[in-house]
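Colleague: Protein chains in written order, with my numbering: chain A, 278 to 396; chain B, 4 to 117.
Keep in mind the hints are simulated off the structure, nothing from the lab. Positions of the beta carbon are idealized from the N, C-alpha and C atoms, including for glycine. Check the hints yourself; a few may be wrong.
[Claimed, not checked] Calculated cross-link-like contacts (lysine to aspartate or glutamate; reagent style EDC-like; alpha-carbon spacing at most 20 Å):
1. A:Lys334 x B:Asp32
2. B:Lys41 x B:Glu13
3. B:Lys73 x B:Asp25
4. A:Lys334 x B:Asp99
5. B:Lys6 x B:Glu20
6. B:Lys73 x B:Asp89
[Said to hold, decoys possible] Cβ-Cβ distance ranges computed for the label pairs, FRET-style:
7. A:Gln294 x B:Ser77: 23 to 29 Å
8. A:Thr297 x B:Lys6: 37 to 43 Å
9. A:Tyr287 x B:Ser77: 36 to 42 Å
10. A:Asn333 x B:Val87: 34 to 40 Å
11. A:Gln295 x B:Thr83: 45 to 51 Å
12. A:Gln294 x B:Asp21: 22 to 28 Å
13. B:Thr12 x A:Leu288: 27 to 33 Å
14. A:Gly317 x B:Val49: 20 to 26 Å
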Amino acid sequence: KAGVTQTPRYLIKTRGQQVTLSCSPISGHRSVSWYQQTPGQGLQFLFEYFSETQRNKGNFPGRFSGRQFSNSRSEMNVSTLELGDSALYLCASSSQYGMGTQEGTDTQYFGPGTRLTVL
Amino acid sequence: AQKVTQAQTEISVVEKEDVTLDCVYETRDTTYYLFWYKQPPSGELVFLIRRNSFDEQNEISGRYSWNFQKSTSSFNFTITASQVVDSAVYFCALSDQGAQKLVFGQGTRLTINP
Chain A
278 KAGVTQTPRY LIKTRGQQVT LSCSPISGHR SVSWYQQTPG QGLQFLFEYF
328 SETQRNKGNF PGRFSGRQFS NSRSEMNVST LELGDSALYL CASSSQYGMG
378 TQEGTDTQYF GPGTRLTVL
Chain B
4 AQKVTQAQTE ISVVEKEDVT LDCVYETRDT TYYLFWYKQP PSGELVFLIR
54 RNSFDEQNEI SGRYSWNFQK STSSFNFTIT ASQVVDSAVY FCALSDQGAQ
104 KLVFGQGTRL TINP
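Please model the complete structure; the sequences and the hints are all you need to start from.
Modeller: Right, dumping it as structure tokens:
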């Protein structure tokens with residue numbers, strides 16, 4: 278099975294612009310989560326989507342948004358970029374079929390990330 | 004609130020030494036899941052192991068072993084006979100029963116020198 282894919286892998290933007298990142302989950306996985314990784318704050322949860330609905334959200338401003346499509350692919354959008362948004366954005370998928378009743382069902386598998394640089 | 008602490012920021016050892024990465028967690032949930040991930044320089048987080056709170060069995064996979072102790076809220080990771088390829092940043096993570104929001108520790112950068 279192909280793993281989680283993320284596009285683009287690298288992105289350079291300027292302050293005030295907006296950006297859209299894409300994530301394709303492992304085939305059959307229905308849940309997609311997004312994380313931001315920075316040297317100062319580490320890995321932080323952004324949000325999680327399941328069946329096109331946002332189920333969980335982390336502590337990020339409204340400039341960070343996302344969506345999920347019927348094929349489980351997900352996009353996240355950051356508007357009005359700030360220098361502090363420079364980070365590695367990681368997407369993870371999990372199957373969500375057993376909700377813990379099957380070993381490994383809820384494990385999140387990560388993609389290679391999109392490295393965003395804001396100038 | 005859930006919290007994961009990896010007190011060791013960086014560890015450097017010589018190849019073939021054994022090394023243990025510490026992880027201490029805090030949670031009020033009675034059912035929770037613990038994970039270890041490896042992040043090589045490429046950036047991708049590679050899943051290593053998942054442990055459920057109701058299963059305190061230790062696990063060994065090749066050179067890797069994990070020691071889960073609920074009494075001390077710890078989930079430590081040991082690499083036996085370390086190799087240069089083990090060099091990476093290792094993250095311990097915690098999630099609730101829904102398992103869809105991971106809380107990560109700050110990570111331990113492990114360097115194995117030849």
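Colleague: Determine for every hint whether it applies to the structure shown.
Modeller: These are the hints, each one checked on the structure:
no.: 1; hint: A:Lys334 x B:Asp32; verdict: 19 Å, holds
no.: 2; hint: B:Lys41 x B:Glu13; verdict: 14 Å, holds
no.: 3; hint: B:Lys73 x B:Asp25; verdict: 14 Å, holds
no.: 4; hint: A:Lys334 x B:Asp99; verdict: 14 Å, holds
no.: 5; hint: B:Lys6 x B:Glu20; verdict: 30 Å, violated
no.: 6; hint: B:Lys73 x B:Asp89; verdict: 27 Å, violated
no.: 7; hint: A:Gln294 x B:Ser77: 23 to 29 Å; verdict: 44 Å, violated
no.: 8; hint: A:Thr297 x B:Lys6: 37 to 43 Å; verdict: 32 Å, violated
no.: 9; hint: A:Tyr287 x B:Ser77: 36 to 42 Å; verdict: 38 Å, holds
no.: 10; hint: A:Asn333 x B:Val87: 34 to 40 Å; verdict: 38 Å, holds
no.: 11; hint: A:Gln295 x B:Thr83: 45 to 51 Å; verdict: 48 Å, holds
no.: 12; hint: A:Gln294 x B:Asp21: 22 to 28 Å; verdict: 49 Å, violated
no.: 13; hint: B:Thr12 x A:Leu288: 27 to 33 Å; verdict: 29 Å, holds
no.: 14; hint: A:Gly317 x B:Val49: 20 to 26 Å; verdict: 23 Å, holds
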